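Peer 1: So you can see what is in the structure, the chains are spelled out below.
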Amino acid sequence: MSMSVVEVRHLAAGYDGREILRDVSLSVSPGDVVAVLGANGSGKSTLIRTILGLVPLSRGEIELFGTPQPRFRQWARIGYVPQRLGAGSGVPATVGEVVASGRLARRGIFRLPGAADRTAVREALTDVGLLDRINDPVATLSGGQQQRTLIARALAGKPDLLVLDEPNAGVDAASQEAFAAALTRFAGNGGTIVLVLHELGPLRPLIGRTVVVHDGRIAHEGPPPEPAGHHAEPDHDHVHPHADEVKAGICEWAPTEGAKSY
Amino acid sequence: MELFAYPFMLRALAGALIIGLAAPALGIYLVQRRLSLIGDGIGHVALTGVGVGLLTNNSPVLTAVVVATIGAVGVELIRERGRTSGDLALALLFYGGIAGGVVLVGLSDDKGNSNLMQYLFGSLITTSPQDIVVIGGLAAAVLAAMLLLRPALFALCNDEEYARVSGLPVRTLNILLAVTTAVTVTIAMRTVGLLLVSALMVVPVAAAQQVTRGFRTTMAAAMLIGLASAGLGVVVSAEADTAPGATTVLMALVAFLGATIGGMIRRNLRRRHNRPPVTTEPPDVVLHG
Chain C
1 MSMSVVEVRH
11 LAAGYDGREI
21 LRDVSLSVSP
31 GDVVAVLGAN
41 GSGKSTLIRT
51 ILGLVPLSRG
61 EIELFGTPQP
71 RFRQWARIGY
81 VPQRLGAGSG
91 VPATVGEVVA
101 SGRLARRGIF
111 RLPGAADRTA
121 VREALTDVGL
131 LDRINDPVAT
141 LSGGQQQRTL
151 IARALAGKPD
161 LLVLDEPNAG
171 VDAASQEAFA
181 AALTRFAGNG
191 GTIVLVLHEL
201 GPLRPLIGRT
211 VVVHDGRIAH
221 EGPPPEPAGH
231 HAEPDHDHVH
241 PHADEVKAGI
251 CEWAPTEGAK
261 SY
Chain U
1 MELFAYPFML
11 RALAGALIIG
21 LAAPALGIYL
31 VQRRLSLIGD
41 GIGHVALTGV
51 GVGLLTNNSP
61 VLTAVVVATI
71 GAVGVELIRE
81 RGRTSGDLAL
91 ALLFYGGIAG
101 GVVLVGLSDD
111 KGNSNLMQYL
121 FGSLITTSPQ
131 DIVVIGGLAA
141 AVLAAMLLLR
151 PALFALCNDE
161 EYARVSGLPV
171 RTLNILLAVT
181 TAVTVTIAMR
191 TVGLLLVSAL
201 MVVPVAAAQQ
211 VTRGFRTTMA
221 AAMLIGLASA
231 GLGVVVSAEA
241 DTAPGATTVL
251 MALVAFLGAT
261 IGGMIRRNLR
271 RRHNRPPVTT
281 EPPDVVLHG
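Residue numbers (full-length UniProt numbering), protein chains in the order written: chain C, 1 to 262; chain U, 1 to 289.
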């Protein structure tokens with residue numbers, strides 16, 4: 001049990017010979033909820049992508065569940081939630097079909113889906129509040145709902161570790177709450193979470209530890225920052241008069257192609 | 001219809017139907033991955049294989065399969081390396097393929113335009129019984145791989161990085177897709193010809209997705225459209241004395257137009273029937289009974 005879920009030692013990585021991360025060490029224990037913060041371009045996404053093997057490691061070592069990452073094979077234990085739905089090609093796919101991909105790591109590629117797979121898909125969609133959309137094309141969903149679909153896909157594999165890349169970037173408030181709730185349930189059941197965030201937002205109560213990436217290194221590590229300024233005053237009632245404006249901006253993320261077809 | 005009393009016409013029909021069914025089953029993955037034109041490029045490369053076959057007195061279909069496979073795997077390796085110079089590398093490969101093919105065919109004893117045209121635009125009528133066996137066997141293998149591995153291939157083409165993190169053998173699956181593309185191109189060379197091969201992989205999929213909502217239904221509909229286009233293409237071309245390959249592709253395009261217009265009408269009707277339009281953002285809370 002003392003074995004860490006993710007162990008990173010002196011990691012360096014980058015693209016095309018340009019080093020983005022220079023020397024990063026990080027340890028995530030079972031049940032931890034770790035937020036990786038940092039400015040745009042700081043390398044916070046690169047960090048989790050390197051941990052998952054999507055970016056080649058140039059120096060250092062990574063262990064996943066006690067196994068060196070190059071030899072790690074138990075991918076069913078990891079649920080990955082990318083920033084957005086893949087290329088979004090023209091071929092339609094239903095929400096259920098996308099979420100069913102989450103079962104592949106557990107089932108293997110040669111076995112056809114069975115009752116257990118279908119149950120897991122429905123459970124995962126229930127968890128993010130999208131079961132009623134199971135037969136709808138993903139292209140007709142809003143940006144936030146597509147993000148929830150991706151979380152359901154990761155949850156359907158019943159992972160021990162969830163890795164999320166900016167799950168709340170440009171997501172409407174309803175979806176943010178729905179997936180904050182799903183993540184809280186996942187953590188409550190002992191799941192481990194590593195997520196890249198631009199800002200803590202509604203996920204703040206869930207987060208046990210923050211790691212700030214700056215200039216290719218970990219600049220700060222500790223509990224999430226306490227609210228400061230007006231927010232810290234006891235009589236502050238958290239009214240956000242600009243909430244509407246923020247919401248308006250979100251519309252840009254909603255798919256227009258799918259919306260047009262109705 | 002009495003045309004089909006001739007065995008060669010029956011063979012032509014059988015060959016066309018087999019390709020009509022198999023090509024879209026592969027093509028849907030290529031479309032999903034935005035590689036709609038890859039079949040066209042591999043077709044160019046296959047022509048070099050035909051030239052090699054004619055020049056060395058081997059079966060052109062066999063050498064075309066080999067050369068197209070080498071080409072397809074090469075394209076996949078270039079694609080995997082990163083996209084920056086991939087586009088140009090692909091162009092070089094494709095034009096090299098067609099130029100090499102034309103030169104090699106010209107050098108062979110069998111030279112002459114009619115021979116070259118046979119491979120470029122198809123020559124269904126000359127399908128031999130052995131050809132049908134080869135086409136049937138290879139198409140069955142392609143179909144089996146595309147249908148049985150659908151969940152994995154769907155995940156791969158939908159989101160390659162997610163597939164990688166799921167522990168899928170991404171590279172093996174990519175090479176499998178490349179090899180099946182080469183095989184499909186080569187066997188389709190007899191029906192629609194190398195220049196129109198890609199159409200049978202892509203157009204039925206484009207038609208199907210005008211009216212479908214899911215991947216599985218799109219695949220099934222595309223295979224049906226491919227089958228119907230191929231069948232109609234052979235019949236119409238026999239009656240009207242037109243080129244079977246091109247007629248088949250035109251049939252698939254008619255299906256695409258029909259599906260597009262049908263889809264538009266259906267959406268309009270739905271709107272007029274006063275069904276509340278599906279909003280992009282449904283209620284925040286959904287109760288499940």
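No wet-lab data here; the hints were simulated from the structure. Just so it is clear, the structure is predicted and the values come from calculations on it, not from any experiment. Check the hints yourself; a few may be wrong.
Straight-line alpha carbon distances no greater than 25 Å define the calculated SDA-like cross-link-like pairs of lysine to any residue that follow [claimed, not checked]:
1) K158/C / A116/C
2) K158/C / R59/C
3) K158/C / G31/C
4) K158/C / L112/C
5) K158/C / R185/C
6) K158/C / R164/U
7) K158/C / P70/C
8) K158/C / G53/C
9) K158/C / D23/C
10) K158/C / P169/U
11) K158/C / A115/C
12) K158/C / R107/C
13) K158/C / V170/U
14) K158/C / G90/C
15) K158/C / E160/U
16) K158/C / G222/C
17) K158/C / H220/C
18) K158/C / I48/C
19) K158/C / E239/U
20) K158/C / S123/U
21) K158/C / L148/U
22) K158/C / D32/C
23) K158/C / G167/U
24) K158/C / E19/C
25) K158/C / E7/C
26) K158/C / E161/U
27) K158/C / R111/C
A few chain U residues that face chain C, going by a derived Cβ cut-off under 8 Å, partial list only [said to hold, decoys possible]:
28) Y6
29) V31
30) Q32
31) V73
32) I125
33) T126
34) P129
35) R164
36) R171
37) T212
38) G214
39) T218
40) A220
Ideal Cβ placement from N, Cα and C applies to all residues, glycine included.
Peer 1: Each of the hints needs a verdict: does it hold here or not?
Peer 2: Comparing the hints with the structure gives:
A threshold of 25 Å between alpha carbons decides the hint, and for K158/C with A116/C the separation of about 12 Å falls inside it, so the pair holds. As the CA atoms of K158/C and R59/C are separated by approximately 31 Å, the hinted pair breaks the 25 Å bound. Under the criterion of a C-alpha separation no larger than 25 Å, the hint pairing K158/C with G31/C is consistent with the structure, at around 15 Å. The suggested pairing of K158/C with L112/C holds, with an alpha-carbon distance near 18 Å, which does not exceed 25 Å.
The suggested pairing of K158/C with R185/C holds, with an alpha-carbon distance near 13 Å, which does not exceed 25 Å. Note on K158/C and R164/U: the hinted pairing holds, with a Cα-Cα distance of about 17 Å set against a maximum of 25 Å. Annotation: proposed proximity of K158/C to P70/C holds, straight-line Cα distance about 22 Å (limit 25 Å). For the hint pairing K158/C with G53/C, the CA-to-CA distance comes to about 20 Å; that is within 25 Å, so the pair holds.
This hinted pair does not check out: K158/C and D23/C have alpha carbons roughly 32 Å apart, beyond 25 Å. Only pairs whose Cα atoms come within 25 Å are accepted, and K158/C paired with P169/U is accepted, the gap being roughly 20 Å. This hinted pair checks out: K158/C and A115/C have alpha carbons roughly 15 Å apart, not beyond 25 Å. Only pairs whose Cα atoms come within 25 Å are accepted, and K158/C paired with R107/C is accepted, the gap being roughly 12 Å.
Distance hint between K158/C and V170/U is fulfilled; the C-alpha atoms sit about 22 Å from each other, no more than 25 Å. Pair hint K158/C plus G90/C does not hold up; C-alpha atoms about 29 Å apart against a cutoff of 25 Å. Restraint check: the Cα-Cα separation between K158/C and E160/U comes to about 20 Å, which is no more than 25 Å; the hinted pair holds. As the CA atoms of K158/C and G222/C are separated by approximately 28 Å, the hinted pair breaks the 25 Å bound.
With a CA separation close to 31 Å, the supplied pair K158/C and H220/C exceeds the 25 Å bound. Using a Cα cut-off of 25 Å, the hinted pair K158/C and I48/C holds, with the two alpha carbons roughly 20 Å apart. Between K158/C and E239/U, the direct Cα distance comes to roughly 59 Å. Violation of the 25 Å bound is thereby established for this hinted pair. Using a Cα cut-off of 25 Å, the hinted pair K158/C and S123/U is violated, with the two alpha carbons roughly 53 Å apart.
Proximity of K158/C to L148/U is assessed by CA-CA distance (about 24 Å); at most 25 Å being required, the pair is judged to hold. With a C-alpha separation of about 17 Å, the suggested pair K158/C and D32/C falls inside the 25 Å cut-off, and the hint holds. Restraint check: the Cα-Cα separation between K158/C and G167/U comes to about 15 Å, which is no more than 25 Å; the hinted pair holds. A C-alpha spacing of about 34 Å is found between K158/C and E19/C, which places the hinted pair above 25 Å, so the restraint is violated.
Our distance criterion of 25 Å between C-alpha atoms is met by K158/C and E7/C, whose separation comes to about 21 Å. Between K158/C and E161/U the CA atoms are separated by roughly 19 Å; this keeps the pair inside 25 Å, and the hint holds. For the suggested pair K158/C and R111/C, the alpha carbons sit about 18 Å apart, so the restraint of at most 25 Å is met. Hint on Y6/U is violated. Least Cβ distance to chain C is approximately 39 Å, over the 8 Å limit.
Look at V31/U: its Cβ gets to within about 6 Å of chain C, closer than 8 Å, so that hint holds up. Hint status for Q32/U: holds, given a least beta-carbon distance of 4 Å to chain C, under 8 Å. A cut of 8 Å between beta carbons decides the hint on V73/U: the least distance to chain C is about 20 Å, and the hint is violated. For I125/U, the interface hint is violated, the least distance from its beta-carbon to any beta-carbon of chain C being 34 Å, above 8 Å.
Against a cut-off of 8 Å between C-beta atoms, the interface hint on T126/U is violated, since the closest Cβ of chain C lies about 35 Å away. For P129/U, the suggested interface contact is broken, since its CB lies about 34 Å from the closest CB of chain C, more than 8 Å. Against a cut-off of 8 Å between C-beta atoms, the interface hint on R164/U holds, since the closest Cβ of chain C lies about 6 Å away. Because the closest C-beta pair between R171/U and chain C is about 13 Å apart, greater than 8 Å, the hint is violated.
With 8 Å as the threshold, the beta carbon of T212/U comes within range of chain C, its nearest partner Cβ sitting at about 6 Å, so the hint holds. Annotation: G214/U was flagged as interfacial toward chain C, and the flag holds, the nearest CB pair being 4 Å apart, inside 8 Å. Contact between T218/U and chain C, as hinted, is supported at the beta carbon level, the nearest pair being about 6 Å apart and thus within 8 Å. Violation of the interface hint for A220/U is found here, the shortest Cβ-Cβ separation to chain C being roughly 13 Å, above the 8 Å cut-off.
In terms of the numbered hints stated before, the structure departs from hints 2, 9, 14, 16, 17, 19, 20, 24, 28, 31, 32, 33, 34, 36, 40, listed from lowest to highest.
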